[in-house]
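Novice: Residues per chain, in single letters:
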Amino acid sequence: MKEGTVIKVSGPLVVARGLTGTNIYDMVRVGVQKLLGEVIEIRSDEYSIQVYEETEGIGPGQPVYPMGEPLSVELGPGLISSIFDGIQRPLDVISLRLGSYIARGAEYTSLDRTKRWHFIPARKSGDNIRPGDILGTVKETALIEHRIMVPQGVEGKVTVVAEDAYTLDDVVAEVETSTGKVSVKMLQKWPVRKPRQVTKKLPPDQPLITGQRVIDTFFPVAKGGTSCVPGPFGSGKTVVQHQLAKWSDADIIVFVGCGERGNEMADVLLSFPELKDPKSHEPLMGRTVLVANTSNMPVAAREASIFTGITIAEYYRDMGYNVALMADSTSRWAEAMREISCRLEEMPGEEGFPTYLGSRLASFYERSGSVVCMGSDAQGEEGRRGSLSIIGAVSPPGGDLSEPVTQATLRTVKVFWSLDDRLASQRHFPAVNWLTSYSLYQQVVGRFVANKIGAGWDENRTKALRVLQRESELEELVRLVGMEALSPEDMLVMETAKMIREDFLHQNAYHELDTYTSLEKQFHMLDVILKFYSKAQDAVDKGVDPLRLMGVPVKDKISNMRLASEGDMETFRRIEGDIARQVDELVEDRAVGI
Amino acid sequence: MVFKEYITVKDIFGPLMLIEGVEGVTYGELAEVRLSDGQVRRGRVLEIADSCVLVQVFEGTMGLGRDNVRVKFLGKGLEIGVSPDIIGRVFDGAGRTIDGGPNIIPEKRLNVNGSPINPCARDYPSEFIQTGISSIDGLNPLVRGQKLPIFSGSGLPHARLAAQIARQARVPGSPEGFAVVFAAMGVTFEEANYFISNFQATRAIERAVVFINLAEDPPIERLAVPRMALTVAEYLAYELDMHVLIILTDMINYCEALREVSAARKEVPGRRGYPGYLYTDLAAIYERAGRVKGRKGSITQIPILTMPEDDKTHPVPDLTGYITEGQIILSRDLHLQGIYPPIDILPSLSRLKDKGIGEGRTREDHADISNQLYASYARGKAARELAVILGEGALSPLDLAFVDFTEHCNNEFIKQGEEENRSISQTLDIGWWLLGLLPRKDLKRIRKEYSDKYYRKREE
Ligand SMILES: Nc1ncnc2c1ncn2[C@@H]1O[C@H](COP(=O)(O)OP(=O)(O)OP(=O)(O)O)[C@@H](O)[C@H]1O
Ligand SMILES: [Mg+2]
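Protein sequence lines, in the order shown, are assigned to chains A and B. Under my numbering, the first residue of the first sequence is numbered 1, with each subsequent residue one higher. Under my numbering, the first residue of the second sequence is numbered 595, with each subsequent residue one higher.
Calculated directly from the structure, the hints in this document are not laboratory data. Idealized CB from N, CA, C, for every residue including glycine. Don't take each hint at face value.
[Claimed, not checked] With a Cα cut of at most 20 Å, we get these calculated SDA-like pairs of lysine to any residue:
1) LYS906/B / ARG422/A
2) LYS557/A / LYS1038/B
3) LYS1042/B / SER82/A
4) LYS887/B / GLY99/A
5) LYS975/B / SER10/A
6) LYS1038/B / LEU992/B
7) LYS887/B / MET561/A
8) LYS975/B / VAL481/A
9) LYS890/B / GLY99/A
10) LYS498/A / LYS1038/B
11) LYS115/A / GLY156/A
12) LYS1035/B / ALA106/A
13) LYS670/B / ALA103/A
14) LYS860/B / SER10/A
15) LYS670/B / SER10/A
16) LYS890/B / SER95/A
17) LYS1038/B / MET561/A
18) LYS1038/B / SER95/A
19) LYS670/B / ARG104/A
20) LYS670/B / VAL32/A
[Said to hold, decoys possible] If we take Cβ atoms under 7 Å as the criterion, some of the chain B residues that face chain A in the derived model are:
21) VAL619
22) ASN712
23) PRO769
24) GLY771
25) ALA877
26) PRO941
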């Protein structure tokens, strides 16, 4: 491999000559400051390089040093609770060493090389091992056991070290492969643009339970599934993603802040160590990896951040965990691609995005899935299951969903949570539009829940959605002629729809009780509203004035159900009793002519 | 150091010039363009390929030719000299003093592009700023280190509002006010003069630094103005420990300058001809607001932009909204009704309010009353719209009470004097006084303990 020379600089794009021996997607160091870059195009002797740092001060004639390997991430204990930039530089370490600003050319290893981890071997010396086998484990955090896996391509008889504390650079096993001895460390590397291998992919069959009512009940996502959250600014994309990062029942969360606000990352960094996992009561940070390439950080590293995040996520999936990755926002990622593409003077597609926008987005979401991992677990059993769910925010310009990124995303993802400006400005949160959103996992999840909670789940959802649809048809009418012109039945529809919206769908992320609702409680909340509806329908049939039904005192209790503590079934039973009694009273009054 | 001078200008187009045969020039470098009549202009290297350099000339290319300029590259980016003496001074868009005072002797020179703040080094903004304006403090409170733009329209009083905020902003309990950095881009002389004389009259100028690029000044200079102003703000905040409020007006003019450069380079245009990197470019400006761990000072940003045709989905307000932490929107409707400040409270939002209010910060009832005022106002407004179609007769007595509430809210809560500086408890008390117009049982957003304590039914 030869050193090259810069011949052109245009923003984040540098062109160099003379890099003979360097391949496409190999890393290079550019200029006197040795800025990190990646070769993204080769045309005869001209190598186009996207540079991951601000290129001010780079000019023709400066050297370019080949690194001879593609952009890779470091994988091993210590990932969790860390915060990395788009190319996996440790932001916490950089801030300790270099201060408040991100200086250029900073060179720090992604993972700490001096820290010792207590390694417990899972194999005996003399065992035969294959790629993906669990070689041993390390307690990475109170929540997570880190499973050290045999790297790809390594197969043979193993010699394992004894249980003890080792650094990431220490050899923990030696394998006699057919081509010679290979040393295995706890630290491994993987090129980010290459999906990690699995034995096979399976259709998702479990819900990712999020505790968000509109999501779990109406538009659920499956473990290993994909979902997108498009919406104009301020409609609640980030809050939805943060809520999922906090409360969803994944084992590992990878949160990629891609071209968004610095303060939002600071918020996660400050709040997650304080928040407790509802099951284990351990800090949520103990299952979270953060990748932060905020909007003011270099745009090429923003392009890489999504790949860095997904590779880390795949690594934990391979250990047999359920991993959820949130990307906020994929639109900023697409814009980074657009910027580089423009500088390469590629033929633009729609709105200047590169023509490969759709395929890039699809190949990103395709890295999700419910899988059988490679290799055997610590007990030697094959068939370890893992999953990787992806939830991507989309930021359409002007909230216009017909734009290319939203459209390309909708072609690949299975769940669409459409955030609505109108709902957000009415402060109805989460502002998920119930008429336009959809989930293709409703059946999968319905089957799962039916086994756990009992029948009625799917039925209730269908009923509730029908009421909401009817409401939107009637709204037109009400705007023209007023509420009084509706039939008693339709007035009841309007009232029930309002209860579904305000007492069930509306969920305050900042209220300590309301922020999370179990599936069971979700079911009872909606069930109560629908029981009220069906009771009231009977009463209307018997001639009761709907206005009187709307005024029954139990309605106050219904609006407070959200604050019932988890597991408090008594409250729901009492409310159902009250509904029956109070509505029956009205029917009797009517019968005696009051 | 001696810099080589080039006379090899090849092309001049729009605000750009292409120079051939250069050596050792780097991306982003500052260029000095000297005309044969002695004039000096500054430029920035936008692209460099082999020995050809594309330079953006801040003062514009008017009067430049292939034979009358010599170009020097200065081996560094655009810088501004700072020292404590800059406080109280007025600069033009090129960073030269224009107030007749002595020249600044810089203590140091800082690159105006700054560097991105490490997200780990950020402290979350949480200290309430009292602006003295009820519709902001009560409903959309600002906190130290926030970026909260004013979305306005042409002819609306955003300048008066911004000046009032700059004059009155205080953190309750902390004696010092804010140092104000004011950056005008392409505004009229009148508007710029309004700010300066306002600052002078109230002696706010003693804690202000002002940058002025007027409508008649070179448009490309506007690309440098907010960066110079922010560099000064960072110097004041992080080196001199001051709390800085920076007002950037009008961001639309800034974006148009960016579009002009992009068009001259024949880049693939995005929406409405703005370049695809507008988001990233704006973020590089807005993200310079904040609080940094271990530093005493802070930077709070109030960018102002006039929305073309009052359209919030225009790329400039749209992308701004995607970066900032909420927005204050002015309403033409309220303005026509003679209400100052005409803040449209429903679509306005401060996203960082939650951490800045409540017991120990403002008052225990702040969050509840803010939610209730908002909900009641929304209900009254919806009812009034219904009444427009169906007539007042179609409204229930309760709906009528909400309509009445909304009217009072416009006139007693939102409307206030330009010199009127309300404390936060005054603001909240006005809120309670207004809620007294509504039956207590309909105030569902308020916890019982607070309505017990503060609610008084109002007899008309
Ligand atoms: N579930 C919720 N409960 C309460 N408030 C919410 C909820 N969701 C959103 N909000 C409110 O809406 C504001 C904006 O939400 P968020 O920051 O998630 O928007 P966004 O869609 O990510 O916007 P942007 O595209 O600008 O990043 C929040 O600051 C909060 O005030
Ligand atoms: Mg967001």
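Novice: Return the numbers of the hints above that this structure violates; sort them in rising order.
Specialist: Of the numbered hints given earlier, those the structure breaks are 3, 5, 7, 11, 12, 18, 23 and 24, listed in rising order.
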